[in-house]
Amino acid sequence: DGGITQSPKYLFRKEGQNVTLSCEQNLNHDAMYWYRQDPGQGLRLIYYSQIVNDFQKGDIAEGYSVSREKKESFPLTVTSAQKNPTAFYLCASSGANVLTFGAGSRLTVL
Amino acid sequence: GQQVMQIPQYQHVQEGEDFTTYCNSSTTLSNIQWYKQRPGGHPVFLIQLVKSGEVKKQKRLTFQFGEAKKNSSLHITATQTTDVGTYFCAGTPGGYNKLIFGAGTRLAVHP
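Protein sequence lines, in the order shown, are assigned to chains A and B. Position 59, counted from 1, in the first sequence is what my numbering calls 59; the numbers after and before it change by one each time, with no gaps. Position 43, counted from 1, in the second sequence is what my numbering calls 43; the numbers after and before it change by one each time, with no gaps.
No lab work stands behind these hints: they were computed from the structure. Just so you know, nobody snuck in bad clues.
Listed below are the simulated DSS-like cross-link pairs for lysine-lysine, each with C-alpha atoms no more than 27 Å apart in a straight line:
(1) B/Lys98 x B/Lys56
(2) A/Lys57 x A/Lys70
(3) B/Lys98 x A/Lys83
(4) A/Lys9 x B/Lys36
(5) B/Lys98 x A/Lys71
(6) B/Lys98 x A/Lys70
(7) A/Lys57 x A/Lys71
(8) B/Lys36 x B/Lys51
(9) B/Lys98 x A/Lys57
(10) B/Lys51 x B/Lys98
(11) A/Lys83 x A/Lys57
(12) A/Lys70 x A/Lys9
(13) B/Lys70 x A/Lys57
(14) A/Lys83 x A/Lys9
(15) B/Lys70 x B/Lys59
(16) A/Lys57 x A/Lys14
(17) B/Lys36 x A/Lys57
(18) B/Lys56 x B/Lys70
(19) B/Lys36 x B/Lys56
(20) A/Lys9 x A/Lys57
(21) B/Lys36 x B/Lys98
Covered by chain A, according to a simulated footprint, are these stretches of chain B (three or more residues, beta-carbon under 8 Å):
(22) 40-46
(23) 102-108
Backbone N, C-alpha and C fix where the C-beta goes; we use that ideal spot for every residue, glycine too.
Chain A with its partners taken away, still in its complex shape (with noise of 0.2 Å):
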């Protein structure tokens, strides 16, 4: 089945230490996202990439970072520089300007 896969579903992290979120998808898109979602907000925009080995930043990139070495695979880093960073992430991946989202990974920093 084609689609996009966010691992893990569920992480813990302690203050001041580093955390990389996985994000892959088979649906051979161009275009991958990373979506921020907090508690009775919409979805704010973290970095994007259009193409492998590029990537903007979205709204709200200080204190993430990303890389796109391959075309399936579009990790974010949560560094310890974010001050916020217990939040709802989801990846998404476009097609036809429409977006496909994985099952979202749900970080919460002790």
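Mind docking chain B on chain A? Use the hints.
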């Protein structure tokens, strides 16, 4: 920055009642998309509208794109408990290459 406003934020309805959520942009949108997120789930694409004044239907759901391409609505007729979730609109402002999401409308349906 570019914003897409969505109202209401939250709505309770009794099963069988109708429901409408509205989406407004200060700038012209080249398209508008609607997504549904079930509780505990992830957003799933419902539909895309691109033409001024366009109306599309999916069973009990009716989607409209305004004549000025600055607003849109989603109307659900005779809600069912399966309609529970958060409905997001997302638009691409003209000359912009990213989707801007509204904050979503959370729908609760009481049996």
